[in-house]
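Mind assembling these two chains? They're in different frames, but the hints should get you there.
Protein chains in written order, with the working numbering: chain S, 1 to 404; chain D, 1001 to 1396.
Hints in this document: simulated from the structure, not taken from any laboratory. Hints may contain errors.
Stated by the list, open to error - In silico DSS-like links for lysine-lysine, alpha-carbon gap of 27 Å or less:
#1 Lys1037(D) to Lys10(S)
#2 Lys1231(D) to Lys10(S)
#3 Lys1037(D) to Lys1150(D)
Here the structure is a predicted model, which is why all the values come from computation and not from measurement.
These are the residues of each chain, in order.
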Amino acid sequence: MESPADIIWKGYSLAERDWRWQRVRENAAEAGFDCVFVPLCVDGRNLHLSLEQSRGTRSDCRFLTQLENAAVILPTDGRTPIVISAPESGNDWVPDFRPVEDSWGESMAQGLIDAGMERARVGVSGMRRGLYTHGRAFHGVVNHGSYAEVLRRLPHAIFDNATEVIGYARYVKSAEQIECLRRGAAIAAAGIDKMIELARPGMDEGVLYSRVMQRMVSLGSEYYPMAFYSGLHGGGRLPRFEDPTEGRFLQPMYRIANEVDAVFGGLIAQEQQPIILGPIPDSWKPAIEAQRDLYYAALEQLRPGRSFGEFMDFVNGFGERRGLKSLLLMHGRGYGDDGPLFTPQNRGARNRDVRIENGNVFIVKPIVSSADGSFDTSWGGCVLVTETGGEPLVRRRPGMVSIT
Amino acid sequence: MPWTTPPGAGATVFIWSGYSLAERDRRWQAVRENGGKAGFDCILVPLGNGVDGRYMTQLRCSAMVLPTDGRGPITIADRRSNNAWVPEPWQTGREWAEPMGEALLDLGMERARIGVVGLKGGTVTHCSSIDGVVNHTALAQVMSKLPNAKFADATDIVGRVRYVKGEEEIDFVRRSTAVARAGLDELINLARPGVDAGVLYADVTARLLELRSEYYPLALTLDPLGTPKPKRFANPPIGRRLETNSLINSEVNAILGAQLTQVCQPILLGQIPDEWKPVIDLQQELYEAGLTLLKPGITFGALEEFVNTFGAKRKMKTVIQMHGCGYGDDGPLLPAKTNEDRLTDLRIEKGNAFIWKPMVTTDDERIQFTWGGPVIVTDQGCEALFTRPHGMVSIC
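This is chain D alone, in the form it adopts within the complex (with noise of 0.2 Å):
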């Protein structure tokens, strides 16, 4: 039975929702795939997992139902949303438990096999919460209305979808990263010696905004150069003007078409000392050395080998730094924190979008450096789509 709009419901809010709908089908039908091949009679996407609520449906909140035999989907969608992709989904307020377990049992799934998103962390999604990010009370309840049924995590079923970009998609990875660009241009031009910190970051949100960009934060170390830990801010600044010689490295993200890309390019509020050339020349042969490698069939095993070995010779660190472009906590996470085994045999695909930016640190890692951004995996090998000039930003 279809839940309505409450009465009293609040005003709905307006996202993005530009995607065709062959990109619908296209997501969900790998999904249906995925989930088929899993063994689950459905894939839930339940409250909590926001994220991939907004991947397979466009909302900004949703609970989703996707049976795997090719019947559709029941969405459950929240302040009378909907969009061209879910023109009629069950409504609700704030009550998510009820609806969910009844569009289970709607579509028959009493003693199904049905598999959770976001039970844990994924593979290539999730990647920061190992926890996974469902909620726990609905989440029980659910559970509770249907206790014939089984429920397994399925975080890797939509996520190896998200992993592998639709040519929509790759656009907008493509405006995104221009739009960061602009935002790290903004950066260069304002970062002086004496500028206000959290006016900067003021000024670099709002030239992001500007060009349409939803929020993500900027993160930010204003430090002098040869701080030990420098201080991070994801927030502006309060008390700090920039100084000579301080060291901005930055991670300037943009979201256009829900796809987050970043771009790391450091600053520097003076000369370079001559003792970081050579880092800085290592991890731009690093970075390219990266890009060469990085195409279809190539394992993440093979690579961070690659990366994590390349310095010895010039007795320097070199570190793999990379995650992917997306919804939001793409992947694969590398360092990875943990269930660093399950990425060691995964490949890299045609139509993968990640943020390449090695590290490379002298041996007792007092001078570090960060430079990428996002980058396309094609038939071809990569292409890179940060192109500003490699090297440090020197401003004096």
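The shape of chain S in the complex, shown without the other chains (with noise of 0.2 Å):
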């Protein structure tokens, strides 16, 4: 692959961001809105659930701007939008912003007015969670300082939830979007490999966790942190950890979990490979086996028009032809908190109406467990869908490696 220096990608154009505004415009207009409002919301650093949520904070306004931090007021009648944010910032796609100036509530609320949103129906993206965005926040993502200073300041305004609004728009990916998720996943894929490569009992999981991440910056994404389990089977769930661990060395017969994640175009992209330091038992071997077929049969599934009830019905039923079961994990991939989400806390059961659409990317990633429960495991990558079904956006067998 290129190393960062050698990548030719001048960021996302023009084009890609009217695409973006107008998506949005029109759901928002469907809606009854007269504008989209994305506030300020709280950073990820103190408003972290999980590491997918913590990106999702203030995904939207990164959707709308490639602006690590802004609000965005979105007319619906075609106006440009009105952005504030912190004064150091601006970028190609919104050279003309309003810096904050005492505080975010009052530069906010200004920009309602100026735009005239007095008596006006705001949808406020990011309150509650949503079915394609905002998944794991129940409670949204709104700070809530500034909001109730705009919720003061504008009084005969009413204020709704509008997070399928941008939500629905980053659902479908673009070309542009696609290539930059297809090399985040290609970079998180070369995190695996040297995840292969070092791992070797007696290895110091600190040091092994820090080699990952330098393949993968050194590739040019983003730092995202690799969630990374590692212990000997039969002693209870794994671990989590997501920085690099202190004291902590591979031994063998450890089983290794991951979810490798690489960020290109501000897009979070990944892979997970099992990894077992010795022979993989045969009692396991069906399930893997299984998984496999699945993962490959859920491919064929994927095609636009279906809906996730009948997807997460073939998904789940899978296992039990083969006396094992199995269960949908899955979920959207883009700026971060990104669904609709399956796993085992949030099964899905809301989302089963929302349809497949051709253009959508996820993480696909069932689980299969023995019949008796006494082994899982879950391999997965990055899928693009299309009309012929779902299309890895990176080659890889998949399976659980085993290093001797």
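Next comes the structure, spelled out in structure tokens:
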């Protein structure tokens, strides 16, 4: 892969910006909003329910402006948005932003007033969890102090949740976004290759963690913490770490699980690869093989127009045919906390009616367990939905890697 | 009624939690005392204020209600997490408003005066978050469950405790500084004309991680000397190689024991021009003069006045630049963007830890030089932890 200095990527085009803005305007108009308002959101270091959620807190402003932190007022009537951000901000997409004055609350309120929204129906993105975005943030991501000030200063406006308005615009990826996710997936795969190269009994886990991160950043990924699990099988859930550990060394027959993420163009790609430091026990092989078959079968099923209800039933029923259990584990890829979300915690019943669309990108990593639940495995990676089914963004073979 | 782990909750995420129970009790007691003095019946660290939550619990994600009357707190945690500080927290998955509200009710706060930490930017914490850090929907739901309670900002109640470090924290400020310094050494070792800036970024980051720093973005500028507004990178630069005469200004950050520290050391890939030398010399004088002023009892008003007038006799501009070390967004943040008045009378105290990095510029601001790192305030004055020889590193 190219080294960062040799990557020719100048950022997203203005056409991409206009495409995003127009999608949001159209969704907002359909929902009867006079404007869409992305208010100041809590920073991810402070609102950190998970890695995904943390990265997702300010994802709507990144989607609309490519700024790390901004408030956006986008009228649905076609006018350009008012963007409020820190004084040192600004980029090609929003060269004429408004710097925050004394507080975000005052600046946002003034922006809404200047846009003529005193008596408008204002759609607020990020108030609550959505189907397509902010799925892990049940209480949304909006900053209290500044939003309360906006409500106080615009008493005659009507503020409603509009998380889905931007969420649905984010749900379908453009060609530019897909290219960034493709590069991100390749970088994540390179991180996995580095882990396979280095993971041996006796290896300092903290050093292993650092080297994998080094590999991905040196290929141009933004830093996104790897989730790293290790330990002997049979001792309960493996502990999860999101920073380099101290005093932990890999041992023979350790299982390693991971979520290896790379971020390019602001979009998070993920690849996942279970590893064992020893031979794979025979009793695990049926589940590993079934997981591989399930993954490939799921790709066939990932077609535009299908509902997630159908897809979920297919995946969750797959294991039973082989005397095993299976469970859908997947979610969207994008700027962070992308949905729909299917995890053991959020089974996804609320997503049943959501339709799969051409241009969606998901991390697909279904779980297969032995009948008695003593062993489970999950392998997966980024998948683009096309007319002919799911297309992995990077080609890897499902299964468990055995390092002997 | 305690909340328990919901079915299917995600894997427990382990984070560093090595401070002693004595340190916990010191923090909790100091917060109780500050809260009591301010007339609060309890202190609420709500969803959204993760940094203060971590300070109070050593958990990655938590909320807490701490009564000021001496009772133990109710802590709400996620993903089955607990530790020696909070062995039996209430557990939640993704729902936070309900347990926060119930915790307040369980502790009898229906008509109480509740201090909410993080509602606004504080004097010495959450300094860059001028509108605070609290999650709106969750707090609004909590407030609706307690319509007769009064909620008021209590950012400084915890902030003033964080402002003065305990001995264990000071030890980690030292260790964290040593790691940041090692990251800087790596940067100096590797920075040469032709080097891929993205790879350099990755190598320095990896060095910090190998020494067990938690991640915090390395910040760099790389443009050639004399570039008016050099581009700042907080991610690996794409499409960039270092060049002869690249001026690397950096903020190399490390976090050990949750203590964020930073060192700033300019590096020039070339000879230092003569016109830069008076600026660098004056910055050294200013840096050292500041060290003599950074002692208990001095106000930030006096310090700022001293720094900002220091360069006039040499026809240069001198600007105070400093902030606190600690769990994140520690202050005071100078120069202040807002609420400057409340910093004027704020006093430096024993146990403070700051990043001290004043800036000197020529009158036309064409040449700017910043150098510095962590300092600890002691009884006797202050101790500089960044001990590299002062000056610009020149790599030819």
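**Request:** Sort out which numbered hints this structure fails and list those numbers smallest first.
**Result:** Violated hint (a single one): 1; every other hint is consistent with the structure.
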